[in-house]
Structure formats: structure tokens, C-alpha cells
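Take the given structure of chain A and dock chain B to it, following the hints.
Residue numbers (my numbering), protein chains in the order written: chain A, 1 to 112; chain B, 1 to 119.
By construction, these hints were calculated from the structure, which means they are not laboratory data. You may find that some hints are simply not true.
Chain B is nowhere near these chain A residues, computed Cβ spacing over 12 Å in every case [to be verified]:
#1 V18
#2 R59
#3 K68
#4 Y72
#5 K76
#6 E77
#7 V110
With the C-beta cut set under 10 Å, the calculated list includes, among others, these residues of chain A facing chain B [what the hints assert, rightly or not]:
#8 G1
#9 Q2
#10 F33
#11 E41
#12 F45
#13 L87
#14 A89
#15 F102
#16 G103
#17 K104
#18 G105
C-beta: ideal position from N, C-alpha, C; glycine also.
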Amino acid sequence: GQNIDQPTEMTATEGAIVQINCTYQTSGFNGLFWYQQHAGEAPTFLSYNVLDGLEEKGRFSSFLSRSKGYSYLLLKELQMKDSASYLCAVRVANQAGTALIFGKGTTLSVSS
Amino acid sequence: DVKVTQSSRYLVKRTGEKVFLECVQDMDHENMFWYRQDPGLGLRLIYFSYDVKMKEKGDIPEGYSVSREKKERFSLILESASTNQTSMYLCASSLWIRPGQGGLVHGYTFGSGTRLTVV
Chain A
1 GQNIDQPTEM TATEGAIVQI NCTYQTSGFN GLFWYQQHAG EAPTFLSYNV
51 LDGLEEKGRF SSFLSRSKGY SYLLLKELQM KDSASYLCAV RVANQAGTAL
101 IFGKGTTLSV SS
Chain B
1 DVKVTQSSRY LVKRTGEKVF LECVQDMDHE NMFWYRQDPG LGLRLIYFSY
51 DVKMKEKGDI PEGYSVSREK KERFSLILES ASTNQTSMYL CASSLWIRPG
101 QGGLVHGYTF GSGTRLTVV
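Only chain A is shown next, with the shape it has when bound in the complex (with noise of 0.2 Å):
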């Protein structure tokens, strides 16, 4: 089966870095994504990893490591606006095609 684990819940105050992890256990593996979700929105893109390594996008990086099964999504210079829910995803394959498995998101509270 397809398995995707974070963590519930993490709060943070503006300006600090928070590093959201997220580890996984699935098929096919073909890419990993962070996606940001706000209250009553649709989730919007952040990241893709496919590669071993860092990729770095402004305030927003994430790192992957294919052999331990390991990703974390890392915010800095925390805004008020970063309060959401960041999502996890992993793109398995199978003979037909691609689909995205989701975690259960993360809700980050960034607070004054």
C-alpha cells in the first residue's frame, strides 16, 4: 500500500524558519510535490522534487532523499499569510499511468 506520514500540526512565530517533514512508503515512485492550502481554497504548488537534493524558491525549499524516503518542506522569514495547510504529495506510477498520493497535511500557525 501506499503510506504518507507528517506531522498534524506546527506553530511558529514571524520571521522564524519552520521545516515541515514529511516520509513516505509507496510504489512507483516517479516525483514528490508540496502543495499550500488555505482555509476553503483549492491546494496551490510550491515544490517538486524529483532528484536527490535541495531546490530552493525564494522563502521556500525542499529536500528529498529517495533511499531513506524522506522530504521536508522548510519556510523562512515566516509571514502571517504562511498559516495554511501544507500538503505532501507523491506521484506513484503504475501501468497505466501517474496519480498523486496525498499526506494528511500539516496546519501551520504562524503567530505575531
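Using the frame of chain A, we list chain B on its own:
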């Protein structure tokens, strides 16, 4: 700007009704997906489709069916709605990626969601 449009933002239906949730994308994407999202359970894949008239079961297909008669439209059908199908339903689309093929290929684009309440 690329778009995935879901026909209804909010929907209230009675138990036993047949319910159609519609999703249309304007990006000429081969792949389309239906997820439901529930507190504490996250996004769970119901069905997906790689091409017209093709469908694959996701993790929780029971109680649902789908229809893909045209490339741009993917419908989710609840044959006989039940209260445990009260949920947020999200549609998504992406370009088709072969197993083993890497690359972002535009990722996945989500619709705004349909909040369905079955009473």
C-alpha cells in the same frame, strides 16, 4: 491563465439522490482526477482518467462512478448519495506522464472545489 472549473461551489442533496459533479479544464490535459478532502483524512483519490472513456480506480472508489466522454470534461457520479459522502470534492488535471518519465510537466492544477452536503 490555465483553469480547472467545477460547476458548483456548494451543493446540498438528499440521501438517495443521484448526484453529478462536473469538472472542465481548458488546458488540453490528458489526465483528470477526482479527490475528496475530509478533516483528519486529507485528500484521497477517488477515480482518475488518462484519456477519453478511460478510467482507473483510486483509493476509495466505492459508491462513486465517473464519466469522461470528452477530453475536457470529467464527471463524478454518486449513484445514490449517502450522508457519509458529505465532503469537499476537488478535481485536478495534468499532462499525461508515462511511468518512469520524470519532469514537472506543469504539475497538477486544482479546481476550487465543491462542498457537498448530503442530508
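Here is how each hint holds up against the structure:
no.: 1; hint: V18; verdict: 19 Å, holds
no.: 2; hint: R59; verdict: 19 Å, holds
no.: 3; hint: K68; verdict: 19 Å, holds
no.: 4; hint: Y72; verdict: 18 Å, holds
no.: 5; hint: K76; verdict: 22 Å, holds
no.: 6; hint: E77; verdict: 25 Å, holds
no.: 7; hint: V110; verdict: 20 Å, holds
no.: 8; hint: G1; verdict: 9 Å, holds
no.: 9; hint: Q2; verdict: 8 Å, holds
no.: 10; hint: F33; verdict: 7 Å, holds
no.: 11; hint: E41; verdict: 7 Å, holds
no.: 12; hint: F45; verdict: 5 Å, holds
no.: 13; hint: L87; verdict: 7 Å, holds
no.: 14; hint: A89; verdict: 8 Å, holds
no.: 15; hint: F102; verdict: 4 Å, holds
no.: 16; hint: G103; verdict: 6 Å, holds
no.: 17; hint: K104; verdict: 4 Å, holds
no.: 18; hint: G105; verdict: 5 Å, holds
Checked against the numbered hints above, the structure breaks none of them.
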